[in-house]
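Place chain B on chain A using the hints.
There are 2 protein chains.
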Amino acid sequence: MKTDKHIAIAGAGPVGSLLALYLAKRGYRVDVFERRPDLRAETLQAGRSINLALSTRGIRALDEVGLGDALRRVAIPMHGRVMHSVQGQISSLPYGKQGQFINSISRSGLNVVLINGAEAQGVNFHFNQRVAHVDLQKTTLTLQQNGGEKKLAFDAIIGADGAFSAVRAALQFTDRVDYSQDYIDHGYKELHIPAGPNGSFLLEKNALHIWPRESFMMIALPNPDGSFTCTLFFPFEGATSFASLKTNEDIVAFFKNTFPDAVALMPDLLHDYQTNPTSSLVTMKCYPWVKNKTLVIGDAAHAVVPFYGQGMNAGFEDCRVLNELLDTHHDDWDVVLPMFQSQRKQDTDAIAQLALDNFIEMRDLVADADFLLRKKIEARLHELYPEQWIPQYSMVTFHDTIRYSEAQALGRKQKRIMDDVMKLPHLATTWQSLDFQQLVRRMQEA
Amino acid sequence: MKTDKHIAIAGAGPVGSLLALYLAKRGYRVDVFERRPDLRAETLQAGRSINLALSTRGIRALDEVGLGDALRRVAIPMHGRVMHSVQGQISSLPYGKQGQFINSISRSGLNVVLINGAEAQGVNFHFNQRVAHVDLQKTTLTLQQNGGEKKLAFDAIIGADGAFSAVRAALQFTDRVDYSQDYIDHGYKELHIPAGPNGSFLLEKNALHIWPRESFMMIALPNPDGSFTCTLFFPFEGATSFASLKTNEDIVAFFKNTFPDAVALMPDLLHDYQTNPTSSLVTMKCYPWVKNKTLVIGDAAHAVVPFYGQGMNAGFEDCRVLNELLDTHHDDWDVVLPMFQSQRKQDTDAIAQLALDNFIEMRDLVADADFLLRKKIEARLHELYPEQWIPQYSMVTFHDTIRYSEAQALGRKQKRIMDDVMKLPHLATTWQSLDFQQLVRRMQEA
Numbered sequence: 001m002k003t004d005k006h007i008a009i010a011g012a013g014p015v016g017s018l019l020a021l022y023l024a025k026r027g028y029r030v031d032v033f034e035r036r037p038d039l040r041a042e043t044l045q046a047g048r049s050i051n052l053a054l055s056t057r058g059i060r061a062l063d064e065v066g067l068g069d070a071l072r073r074v075a076i077p078m079h080g081r082v083m084h085s086v087q088g089q090i091s092s093l094p095y096g097k098q099g100q101f102i103n104s105i106s107r108s109g110l111n112v113v114l115i116n117g118a119e120a121q122g123v124n125f126h127f128n129q130r131v132a133h134v135d136l137q138k139t140t141l142t143l144q145q146n147g148g149e150k151k152l153a154f155d156a157i158i159g160a161d162g163a164f165s166a167v168r169a170a171l172q173f174t175d176r177v178d179y180s181q182d183y184i185d186h187g188y189k190e191l192h193i194p195a196g197p198n199g200s201f202l203l204e205k206n207a208l209h210i211w212p213r214e215s216f217m218m219i220a221l222p223n224p225d226g227s228f229t230c231t232l233f234f235p236f237e238g239a240t241s242f243a244s245l246k247t248n249e250d251i252v253a254f255f256k257n258t259f260p261d262a263v264a265l266m267p268d269l270l271h272d273y274q275t276n277p278t279s280s281l282v283t284m285k286c287y288p289w290v291k292n293k294t295l296v297i298g299d300a301a302h303a304v305v306p307f308y309g310q311g312m313n314a315g316f317e318d319c320r321v322l323n324e325l326l327d328t329h330h331d332d333w334d335v336v337l338p339m340f341q342s343q344r345k346q347d348t349d350a351i352a353q354l355a356l357d358n359f360i361e362m363r364d365l366v367a368d369a370d371f372l373l374r375k376k377i378e379a380r381l382h383e384l385y386p387e388q389w390i391p392q393y394s395m396v397t398f399h400d401t402i403r404y405s406e407a408q409a410l411g412r413k414q415k416r417i418m419d420d421v422m423k424l425p426h427l428a429t430t431w432q433s434l435d436f437q438q439l440v441r442r443m444q445e446a
Numbered sequence: 001m002k003t004d005k006h007i008a009i010a011g012a013g014p015v016g017s018l019l020a021l022y023l024a025k026r027g028y029r030v031d032v033f034e035r036r037p038d039l040r041a042e043t044l045q046a047g048r049s050i051n052l053a054l055s056t057r058g059i060r061a062l063d064e065v066g067l068g069d070a071l072r073r074v075a076i077p078m079h080g081r082v083m084h085s086v087q088g089q090i091s092s093l094p095y096g097k098q099g100q101f102i103n104s105i106s107r108s109g110l111n112v113v114l115i116n117g118a119e120a121q122g123v124n125f126h127f128n129q130r131v132a133h134v135d136l137q138k139t140t141l142t143l144q145q146n147g148g149e150k151k152l153a154f155d156a157i158i159g160a161d162g163a164f165s166a167v168r169a170a171l172q173f174t175d176r177v178d179y180s181q182d183y184i185d186h187g188y189k190e191l192h193i194p195a196g197p198n199g200s201f202l203l204e205k206n207a208l209h210i211w212p213r214e215s216f217m218m219i220a221l222p223n224p225d226g227s228f229t230c231t232l233f234f235p236f237e238g239a240t241s242f243a244s245l246k247t248n249e250d251i252v253a254f255f256k257n258t259f260p261d262a263v264a265l266m267p268d269l270l271h272d273y274q275t276n277p278t279s280s281l282v283t284m285k286c287y288p289w290v291k292n293k294t295l296v297i298g299d300a301a302h303a304v305v306p307f308y309g310q311g312m313n314a315g316f317e318d319c320r321v322l323n324e325l326l327d328t329h330h331d332d333w334d335v336v337l338p339m340f341q342s343q344r345k346q347d348t349d350a351i352a353q354l355a356l357d358n359f360i361e362m363r364d365l366v367a368d369a370d371f372l373l374r375k376k377i378e379a380r381l382h383e384l385y386p387e388q389w390i391p392q393y394s395m396v397t398f399h400d401t402i403r404y405s406e407a408q409a410l411g412r413k414q415k416r417i418m419d420d421v422m423k424l425p426h427l428a429t430t431w432q433s434l435d436f437q438q439l440v441r442r443m444q445e446a
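Respectively, the protein sequence lines represent chains A and B. So for the first sequence, UniProt numbering puts the first residue at 1; every next one is plus one. So for the second sequence, UniProt numbering puts the first residue at 1; every next one is plus one.
This is chain A alone, in the form it adopts within the complex (with noise of 0.2 Å):
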């Protein structure tokens, strides 16, 4: 299709270069606004990159765009957790089924992969440019660039400004607008675990590893260089906390105390925690998303917290999803822009949700005998009925055709199941011997 139709993207971050590469492809013209200089001009610093979780779905729209196998090839594969106790005991639990895993991949190298893809269609990006105002009447954007400030005209606006959104802000600014904003009692921090002789990964390469500590958790996930990037999930106030770890002193004994094994590999703890930021998690919603042709998408519509690894998935699924309404409807815009907010949102509702569920998982149910139970006889559901019983995570992680909300109804049909199945006696021995045939009629009944 040719069109003369001409989009501004808000947002040069993975979502909007995503999007912008999906709608150069469909022959539209596309502008990019980016308040941030251009991270390809900057030194990356090697090894202490921010590695995000990437999965089937956003996987699949990689792949839609002609870049899954190009960054496949630079992200490491994930096939489970690996637990660590106080003890420096270690144990496993992979996320699907042989041969299924999530990727560790650097999230700056992923965007200038997609910035790359999307020059090479013929968008234009335009670093160190602030959104200043909107105008949704009129689709206008004005944009300020060394105290100079020029007004566009488009024919469609598209904030993937991310979770402090410019353009969702002058959406809010109109009447009937919802939003919230929720943070958890919860921040964190990065640290890191650099790499042994020659590049070698002094961890567990292809795992996501875990220090669940109950009411708060340390995960690593593996970078390229043999690195790893910790993330500390702590809370803001109360006994122990980021409040409470006030010296030095407080800080090296909580960590020898709290996760011994890791504290061994982390020589630059003590000046990793002082200098790197404390921050903050947030659950951020608002509805509509669609003013006019305006429309917000990716953390800008709907910010998560991380513990799904779904973030980055889900904005990437915005922009499939977007695409194949364009697709369907013949990229007529009205038609479209309502549609996709009213299908997309309570998607975006369940997996706001379900992250937030999993960070009790992460953190103190994945160092629990019942829950590894748990997990051992999903895991069988699954093997003897693939297609009956897919367990939750598996749904959200693998499976690009199962929207999120239907992932969140199904699991919690399994969970009122598997309840029930947890309360029989013995079950640790016995276990084998379930009728779970079943079980899984149970999951068709209404």
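FYI, nobody ran anything at the bench for these hints, they're computed from the structure. Errors might be hidden in some of the hints.
[Stated by the list, open to error] Computed from the model, here is a short list of chain A residues facing chain B with C-beta under 10 Å: (1) Gln181; (2) Asp182; (3) Tyr183; (4) Gly187; (5) Ser280.
[To be verified] In silico EDC-like cross-links for lysine to aspartate or glutamate, where the CA-CA straight-line distance does not exceed 20 Å: (6) A/Lys5 / A/Asp155; (7) A/Lys285 / B/Asp185; (8) A/Lys189 / A/Asp420; (9) B/Lys345 / A/Asp31; (10) B/Lys5 / B/Glu383; (11) A/Lys138 / A/Asp31; (12) A/Lys285 / A/Glu119; (13) B/Lys345 / B/Glu237; (14) A/Lys345 / B/Asp185; (15) B/Lys189 / B/Asp261; (16) B/Lys291 / B/Asp332; (17) A/Lys375 / A/Asp420; (18) B/Lys291 / A/Asp185; (19) A/Lys285 / B/Asp182; (20) A/Lys205 / A/Asp175; (21) A/Lys376 / A/Asp327; (22) A/Lys285 / B/Asp178; (23) A/Lys25 / A/Glu119; (24) B/Lys189 / B/Glu214; (25) A/Lys285 / A/Asp182; (26) B/Lys285 / A/Asp178; (27) A/Lys291 / B/Asp182; (28) B/Lys285 / A/Asp182; (29) B/Lys285 / A/Asp175; (30) A/Lys375 / A/Asp419; (31) B/Lys25 / B/Glu119; (32) A/Lys291 / B/Glu237; (33) A/Lys189 / B/Asp175; (34) B/Lys285 / B/Asp357; (35) B/Lys345 / A/Asp185; (36) A/Lys291 / B/Asp185; (37) B/Lys189 / A/Asp175; (38) B/Lys291 / B/Asp175; (39) B/Lys285 / A/Asp185; (40) A/Lys285 / B/Asp175.
What you are looking at is a predicted structure, and each value in this text was computed from that prediction instead of being measured. Yeah, the Cβ is synthetic: ideal placement off N, Cα and C, and Gly gets one too.
Chain B alone, transformed into the frame defined by chain A:
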């Protein structure tokens, strides 16, 4: 007590003025900054005043500052709801026991009394001054007037500047402030029933009139001049909605078919409908309410929909509770502010939900025979056991010693018991012989 502490209040509405008066009486130096002009200078359009329902919680605060009697004299008691059917049939439902009533009072009239009262106590009011910036660290307020700006420092700043509070906006700009705004699908429009000959009331004077129409409703409250202020609560969109009434003919036909007895009393209906704005209805929540020495209060902290008639009463109760805490803690603001928000938040959350629930009751259930029977049984329970069974409406409206959150919790318990009662066969004819004592006993159970 004498103090040299200097308090700024943003907003000279009823809550800001009342709080100013409370604090001036405690000996504080108080300045109130209001964006709008002094409403005392405006010509009040006779009979066109917007009225509010003032009830026990609000009156208690007014009594504490010595203005209760003056305001009681200009209020019109409303002893119950009078329902108008489409056929013009009238039925009524008392609000509480004999002698209990809510009060229709002019918002602007009440506001003037409070401003005058506060001024008499030494409060300085500054009109036409917009809050441009709040520095939460330094407790300074930057105010704009006629293009000029000044920055003033205070010992505390209190934002009583309503649902779209500038002080709350400053608070929200900081990290880790939860916030939500939720619009309902209905908007409202004010209409008017003028007085009859010699200022006579053309509908029953001492009542709140409701035209319940299931998915929407109109209400009317009496004014001292014999007129009634009507409010149509109506969906924005849909088959029967503000959007669907397009022409003069649509409007007239809709009112004639839907509110025939009211239309006969509304000579300016068409003009009012076309001239008066259609406004939206929102629930707003935020937390924390306090950062350092800055607090939000009233609608700025917890705007609710109007269906329980408690918005202003809740704001007045905020002032009373804050004043009480200042008493108890010897004006130690560092102790009082955090205590105020943590104590009060659950109560304002409760009234927010109760107000949403009451819309369904008002627009739909008050026309329902089962609902009226339920109310009759509860009234009998209250008569027989005046302390053990107080209907929820009475707890909220007539009992200032029962917290909103308690009223909500007790009301839920009552509802479960009454749901069981309502399942009994032939209840309409047999309810008088119910075992009332046993029902009350269930309220004592866990």
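Cross-check of the supplied hints:
Hint on A/Gln181 holds. Least Cβ distance to chain B is approximately 5 Å, under the 10 Å limit. For A/Asp182, the shortest C-beta to C-beta distance to chain B is roughly 5 Å, which falls under 10 Å, so the interface hint holds. Interface restraint check for A/Tyr183: the shortest CB-CB distance to chain B comes to about 5 Å, inside 10 Å, so the restraint holds. For A/Gly187, the interface hint holds, since its Cβ comes within 10 Å of a Cβ in chain B; the closest pair sits about 8 Å apart.
The interface hint given for A/Ser280 is met, as the beta carbon of that residue sits about 5 Å from the closest beta carbon of chain B, less than 10 Å. A threshold of 20 Å between alpha carbons decides the hint, and for A/Lys5 with A/Asp155 the separation of about 6 Å falls inside it, so the pair holds. Between the alpha carbons of A/Lys285 and B/Asp185 the distance comes to roughly 18 Å, so the proposed pair stays at or under 20 Å and holds. Between A/Lys189 and A/Asp420, the direct Cα distance comes to roughly 39 Å. Violation of the 20 Å bound is thereby established for this hinted pair.
Note on B/Lys345 and A/Asp31: the hinted pairing is violated, with a Cα-Cα distance of about 46 Å set against a maximum of 20 Å. As the CA atoms of B/Lys5 and B/Glu383 are separated by approximately 49 Å, the hinted pair breaks the 20 Å bound. In summary, the hint linking A/Lys138 to A/Asp31 is supported, as the alpha carbons are separated by about 17 Å, within the 20 Å threshold. At roughly 31 Å between alpha-carbon atoms, A/Lys285 and A/Glu119 are farther apart than 20 Å, so this suggested pair is violated.
For the proposed pair B/Lys345 and B/Glu237, the alpha carbon gap of about 33 Å is over 20 Å, so the pair is violated. Restraint check for A/Lys345 and B/Asp185: satisfied, since their Cα atoms lie roughly 17 Å apart, inside the 20 Å limit. With a C-alpha separation of about 19 Å, the suggested pairing of B/Lys189 with B/Asp261 holds against the 20 Å cut-off. As the CA atoms of B/Lys291 and B/Asp332 are separated by approximately 15 Å, the hinted pair is consistent with the 20 Å bound.
As the CA atoms of A/Lys375 and A/Asp420 are separated by approximately 14 Å, the hinted pair is consistent with the 20 Å bound. Under the criterion of a C-alpha separation no larger than 20 Å, the hint pairing B/Lys291 with A/Asp185 is consistent with the structure, at around 17 Å. Distance hint between A/Lys285 and B/Asp182 is fulfilled; the C-alpha atoms sit about 11 Å from each other, no more than 20 Å. Under the criterion of a C-alpha separation no larger than 20 Å, the hint pairing A/Lys205 with A/Asp175 is inconsistent with the structure, at around 51 Å.
Distance restraint check for A/Lys376 and A/Asp327: the Cα-Cα separation of roughly 42 Å exceeds the 20 Å cut-off, and the hinted pair is therefore not satisfied. For the given pair, A/Lys285 sits about 12 Å from B/Asp178 by alpha-carbon distance, which is consistent with the 20 Å threshold. Distance hint between A/Lys25 and A/Glu119 is fulfilled; the C-alpha atoms sit about 11 Å from each other, no more than 20 Å. Restraint check for B/Lys189 and B/Glu214: satisfied, since their Cα atoms lie roughly 18 Å apart, inside the 20 Å limit.
Of the supplied pair hints, the one linking A/Lys285 and A/Asp182 holds, its CA atoms being roughly 9 Å apart against a limit of 20 Å. As the CA atoms of B/Lys285 and A/Asp178 are separated by approximately 12 Å, the hinted pair is consistent with the 20 Å bound. Straight-line distance between C-alpha atoms of A/Lys291 and B/Asp182 comes to about 17 Å, which keeps the hinted pair within the 20 Å bound. With a C-alpha separation of about 11 Å, the suggested pairing of B/Lys285 with A/Asp182 holds against the 20 Å cut-off.
The suggested pairing of B/Lys285 with A/Asp175 holds, with an alpha-carbon distance near 17 Å, which does not exceed 20 Å. Proximity of A/Lys375 to A/Asp419 is assessed by CA-CA distance (about 12 Å); at most 20 Å being required, the pair is judged to hold. For the hint pairing B/Lys25 with B/Glu119, the CA-to-CA distance comes to about 11 Å; that is within 20 Å, so the pair holds. As the CA atoms of A/Lys291 and B/Glu237 are separated by approximately 15 Å, the hinted pair is consistent with the 20 Å bound.
The hinted pair formed by A/Lys189 and B/Asp175 meets the criterion: a straight-line CA distance of about 15 Å does not exceed 20 Å. Note on B/Lys285 and B/Asp357: the hinted pairing holds, with a Cα-Cα distance of about 17 Å set against a maximum of 20 Å. Simply put, B/Lys345 and A/Asp185 have alpha-carbon atoms about 17 Å apart, close enough for the 20 Å limit, and the pair holds. About 16 Å separates the Cα atoms of A/Lys291 and B/Asp185, which keeps this hinted pair within 20 Å; it holds.
Restraint check for B/Lys189 and A/Asp175: the C-alpha separation of about 15 Å stays at or below 20 Å, so the hint holds. With a CA separation close to 11 Å, the supplied pair B/Lys291 and B/Asp175 stays within the 20 Å bound. Between B/Lys285 and A/Asp185 the alpha-carbon distance is near 18 Å, which keeps this suggested pair within the 20 Å criterion. The suggested pairing of A/Lys285 with B/Asp175 holds, with an alpha-carbon distance near 17 Å, which does not exceed 20 Å.
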